[in-house]
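*Asks:* This is what each chain is made of:
There are 2 protein chains.
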Amino acid sequence: MAKRVTGPEIEKLIQLLAKVPGLGPRSARRAALHLIKKKDQLLGPLGSAMGEAYDKVKVCSHCGNVDTIDPCTVCTDDRRDQSVIIVVEDVSDLWALERAGVMNAAYHVLGGTLSPLDGVGPDDLNIKGLIDRVSEGGVKEIIIAVNATVEGQTTAHYITDRLADLGVAITRLAHGVPVGGELDYLDEGTLSAALRARTAI
Amino acid sequence: MAKRVTGPEIEKLIQLLAKVPGLGPRSARRAALHLIKKKDQLLGPLGSAMGEAYDKVKVCSHCGNVDTIDPCTVCTDDRRDQSVIIVVEDVSDLWALERAGVMNAAYHVLGGTLSPLDGVGPDDLNIKGLIDRVSEGGVKEIIIAVNATVEGQTTAHYITDRLADLGVAITRLAHGVPVGGELDYLDEGTLSAALRARTAI
Numbered sequence: 001m002a003k004r005v006t007g008p009e010i011e012k013l014i015q016l017l018a019k020v021p022g023l024g025p026r027s028a029r030r031a032a033l034h035l036i037k038k039k040d041q042l043l044g045p046l047g048s049a050m051g052e053a054y055d056k057v058k059v060c061s062h063c064g065n066v067d068t069i070d071p072c073t074v075c076t077d078d079r080r081d082q083s084v085i086i087v088v089e090d091v092s093d094l095w096a097l098e099r100a101g102v103m104n105a106a107y108h109v110l111g112g113t114l115s116p117l118d119g120v121g122p123d124d125l126n127i128k129g130l131i132d133r134v135s136e137g138g139v140k141e142i143i144i145a146v147n148a149t150v151e152g153q154t155t156a157h158y159i160t161d162r163l164a165d166l167g168v169a170i171t172r173l174a175h176g177v178p179v180g181g182e183l184d185y186l187d188e189g190t191l192s193a194a195l196r197a198r199t200a201i
Numbered sequence: 001m002a003k004r005v006t007g008p009e010i011e012k013l014i015q016l017l018a019k020v021p022g023l024g025p026r027s028a029r030r031a032a033l034h035l036i037k038k039k040d041q042l043l044g045p046l047g048s049a050m051g052e053a054y055d056k057v058k059v060c061s062h063c064g065n066v067d068t069i070d071p072c073t074v075c076t077d078d079r080r081d082q083s084v085i086i087v088v089e090d091v092s093d094l095w096a097l098e099r100a101g102v103m104n105a106a107y108h109v110l111g112g113t114l115s116p117l118d119g120v121g122p123d124d125l126n127i128k129g130l131i132d133r134v135s136e137g138g139v140k141e142i143i144i145a146v147n148a149t150v151e152g153q154t155t156a157h158y159i160t161d162r163l164a165d166l167g168v169a170i171t172r173l174a175h176g177v178p179v180g181g182e183l184d185y186l187d188e189g190t191l192s193a194a195l196r197a198r199t200a201i
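Protein chains in written order, with the UniProt record's numbering: chain P, 1 to 201; chain A, 1 to 201.
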C-alpha cells in the first residue's frame, strides 16, 4: 500500500498470511478482512489453534508423522497391523494414503527423496530409523509408496538394497491407469506399465 | 480422514484453516503441514499476529475502516484532504483505492449496499454516519465509489438524494474501458458509456 491505511498489527497479519501456501498478497488481504469480520468465529479460534499447535506439535520419533504425542497416534494404535510398514516421502503422503482408507498398517516418513544434485544423501533422510525398526523384528512387509518420479524411484531402489538382507517382504505401489483417467492424456510409460500389468477380467 | 492419524489440535487447525477464503479442505491440510514445517518462522508468528489482531482490531467509529486505533490511521492523517470523502461499500474497496494511490482523501465505508430482497435497508448501512460527517461542515466533495452493480447504483442514488440539500459536491467514478481491456470482451453498457464520455486526444 502506498500510504498506511491501517494499523501495523493488521499489516503484519496480511504479510504473514501471504506466506501461507495457497494464498498470495491479494488473497491474503481478502482473508485478513474475512478473519476480522468473523473475529469471534474465526480469527480468535484460529489464532488459538495456531498457538496450541505451535506449543504441542512434535515429529514422531518412531515414524516421522506429525502429531501432538510421541510416539504418534498411528504408532500407538494397537488396532493397526504394525507388522506392515508403508514408506512415504512426506507426511502429506501418509495422510493421503489414510484417506484412501485401504490399509490398516504402520507408516514410515522419509522426509524427502535422495537427490545428489541438491545435496540430499541417505543420512539426510530418515532411512536409518526404518532399518532400525525392521532390525528390531516383528515386521513382515515394507510397502514402498514413494512418488513415481525419478528421485522417488532412486530412493526406492536404495531402500530396497539396504533392506535386502533383513528377511522382510518388499513391495511397491502398482503402476497403471489412474481411476477416471483418459488413455489419450496418459504418457507412454504409464500405458506400457498398465499393459504389462494387465489383469484378467 | 477415515481414522485418526494425528492429534486433535492439528485436526482442529486444519478445520479452521479450511474456512479461510482461498483455502479449501485439501489446501488447508497442505497449509497446515507447511505451517508446522515452518514452525518458528510462520506458525508461531502467524498465531501471535492473529491473537494480537483479535485483541486490538476495531472498526473506526468515524469512517468504518478496520484498524487498531479509533479514529483510524486514515481519519487521523492530517496530510490528507479531509474535505473530500470517498464513499465505498467495503473496507477492501478502501484498501484497493489506496493502492491506486491517486487521491489523498478521506473515506467512508458503508458496509454493504441497499438490497431490499436481502432485507438490507438504509438503517443497516453506515449512511447516517456519512450524513453526520457532512452536516458537521468542512466537507466539500463526496466521491461515490460503489461497485457498478445494480445494488451499488441503487445505493448511490439513495445517498445522492439524502445529501442533495447539504450543499456538497457529489461525484461518481467514471465509467469506461478498463485499462488493458479489449473492446470485444466488453459489454454494451460499458462501451456506450465509454463512447458518450469520450475525451479529446
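Keep in mind the hints are simulated off the structure, nothing from the lab. Don't take each hint at face value.
Because identical chains share one entry, a pair is satisfied inside a single copy or across any pair of copies.
Stated by the list, open to error - Straight line, CA to CA, 16 Å or less: simulated EDC-like cross-link-like pairs of lysine to aspartate or glutamate:
#1 Lys19 - Glu141
#2 Lys140 - Asp118
#3 Lys58 - Asp70
#4 Lys56 - Asp40
*Asks:* State for each hint whether it applies.
*Replies:* We went through each hint and held it up to the structure:
1. Lys19 - Glu141: For Lys19 and Glu141, neither the intra-copy (40 Å) nor the inter-copy (39 Å) Cα distance is at most 16 Å.
2. Lys140 - Asp118: neither (33 Å within a copy, 63 Å between copies)
3. Lys58 - Asp70: within (7 Å within a copy, 41 Å between copies)
4. Lys56 - Asp40: Classified as between; 13 Å across copies, 23 Å inside a copy.
Hint check: violations occur at hints 1, 2; the rest are consistent with the structure.
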